[in-house]
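Colleague: Chain residues, written in single-letter form:
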Amino acid sequence: GQQVMQIPQYQHVQEGEDFTTYCNSSTTLSNIQWYKQRPGGHPVFLIQLVKSGEVKKQKRLTFQFGEAKKNSSLHITATQTTDVGTYFCAGPRRAGANNLFFGTGTRLTVIP
Amino acid sequence: EADIYQTPRYLVIGTGKKITLECSQTMGHDKMYWYQQDPGMELHLIHYSYGVNSTEKGDLSSESTVSRIRTEHFPLTLESARPSHTSQYLCASSEGDRGQGYTFGSGTRLTVV
Numbered sequence: 154g155q156q157v158m159q160i161p162q163y164q165h166v167q168e169g170e171d172f173t174t175y176c177n178s179s180t181t182l183s184n185i186q187w188y189k190q191r192p193g194g195h196p197v198f199l200i201q202l203v204k205s206g207e208v209k210k211q212k213r214l215t216f217q218f219g220e221a222k223k224n225s226s227l228h229i230t231a232t233q234t235t236d237v238g239t240y241f242c243a244g245p246r247r248a249g250a251n252n253l254f255f256g257t258g259t260r261l262t263v264i265p
Numbered sequence: 016e017a018d019i020y021q022t023p024r025y026l027v028i029g030t031g032k033k034i035t036l037e038c039s040q041t042m043g044h045d046k047m048y049w050y051q052q053d054p055g056m057e058l059h060l061i062h063y064s065y066g067v068n069s070t071e072k073g074d075l076s077s078e079s080t081v082s083r084i085r086t087e088h089f090p091l092t093l094e095s096a097r098p099s100h101t102s103q104y105l106c107a108s109s110e111g112d113r114g115q116g117y118t119f120g121s122g123t124r125l126t127v128v
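These protein sequence lines map, in sequence, to chains A and B.
Going left to right, the first sequence walks through residues 154 to 265 as the working numbering numbers them.
Going left to right, the second sequence walks through residues 16 to 128 as the working numbering numbers them.
Hints should not be assumed to be uniformly reliable.
[Unchecked claim] In silico SDA-like links for lysine to any residue, alpha-carbon gap of 25 angstroms or less:
no.	chain 1	residue 1	chain 2	residue 2
1	B	72	B	125
2	B	72	B	30
3	B	46	A	248
4	B	46	A	212
5	A	223	A	201
6	A	204	B	72
7	B	72	A	211
8	B	46	A	183
9	B	72	A	170
10	A	223	B	30
11	A	189	A	211
12	A	189	B	30
13	A	204	B	115
14	A	189	B	23
15	A	212	B	72
[Unchecked claim] Chain A is nowhere near these chain B residues, computed Cβ spacing over 10 angstroms in every case:
no.	residue
16	22
17	29
18	56
19	57
20	60
21	82
22	83
23	121
[Claimed, not checked] Partner residues aside, some chain B positions facing chain A, computed with beta carbon under 8 angstroms:
no.	residue
24	46
25	100
26	117
Hints in this document: simulated from the structure, not taken from any laboratory.
Glycine included, every Cβ here is placed at the ideal spot set by N, Cα and C.
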């Protein structure tokens, strides 16, 4: 079945350091979405990538969709304590489907 | 303000009880979803709906049912709660192909004793 793996599972960084999480799908994805979940909270939508090789930026966050549309990455520059949380990637469960299959998540801890 | 609401926020219930978790959204979204999430883990799709009177099973749909009689309301029912059902249940809605992603509710943290 479909698998969406994220690495690393956990990441501890000093405040100000950069952080990257990688998302790898066993199947080609029509699009990929990223979500952030704060401790004790619910996932919040960050962005959707659709095109092969697409790169999008949101302030200190940079999202990239791989050329083969099977992998993606999220890079945070100069982390802040407000970046703490778990970052999930998600892709359609089947081609053309609107329901999502979520990745395993990367839990980010930022040490002040 | 357009939003998605889940009740109750927390629930402790005995084994064998029937429970219904409520989810309502005011955004007029056709598509709604239920996910189960254990602490710190990934989300697993339980059920989804693409509109009124349309429901489909996800990956963890056994032992639960849903209904979609009104666009804004998508309740989840566990017929007989078991300790293995202890988890967080997240409801979400979306417009589908508009690239806006899911909007999640605050979740229901269920404990079955």
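Colleague: Evaluate each hint against the coordinates.
Modeller: Against the structure, the hints:
1. 72(B) with 125(B): 20 angstroms, holds
2. 72(B) with 30(B): 24 angstroms, holds
3. 46(B) with 248(A): 17 angstroms, holds
4. 46(B) with 212(A): 30 angstroms, violated
5. 223(A) with 201(A): This hinted pair holds, its Cα atoms lying about 14 angstroms apart.
6. 204(A) with 72(B): 29 angstroms, violated
7. 72(B) with 211(A): Between residue 72(B) and residue 211(A) the Cα gap is close to 35 angstroms, so the pair fails against 25 angstroms, i.e. violated.
8. 46(B) with 183(A): Holds, at roughly 19 angstroms.
9. 72(B) with 170(A): 42 angstroms, violated
10. 223(A) with 30(B): Violated: residue 223(A) and residue 30(B) sit about 42 angstroms apart, past 25 angstroms.
11. 189(A) with 211(A): This hinted pair holds, its Cα atoms lying about 13 angstroms apart.
12. 189(A) with 30(B): With a Cα-Cα distance of about 33 angstroms, the restraint between residue 189(A) and residue 30(B) is violated, given a limit of 25 angstroms.
13. 204(A) with 115(B): Holds, because 16 angstroms separates the two Cα atoms, which is no more than 25 angstroms.
14. 189(A) with 23(B): Since the Cα atoms of residue 189(A) and residue 23(B) sit roughly 23 angstroms apart, the hinted pair holds (cutoff 25 angstroms).
15. 212(A) with 72(B): 38 angstroms, violated
16. 22: The assertion about residue 22(B) holds, with a minimum of 14 angstroms to chain A.
17. 29: 25 angstroms, holds
18. 56: Violated, because the least Cβ-Cβ distance between residue 56(B) and chain A comes to about 7 angstroms, which does not exceed 10 angstroms.
19. 57: 5 angstroms, violated
20. 60: Violated, since 6 angstroms does not exceed 10 angstroms.
21. 82: 17 angstroms, holds
22. 83: Given that every Cβ of chain A is farther than 10 angstroms from that of residue 83(B), nearest at about 14 angstroms, it holds.
23. 121: Its Cβ does come within 10 angstroms of chain A, the nearest being 6 angstroms, so this is violated.
24. 46: 5 angstroms, holds
25. 100: 19 angstroms, violated
26. 117: For residue 117(B), the interface hint holds, since the closest Cβ of chain A sits about 6 angstroms away, which is under 8 angstroms.
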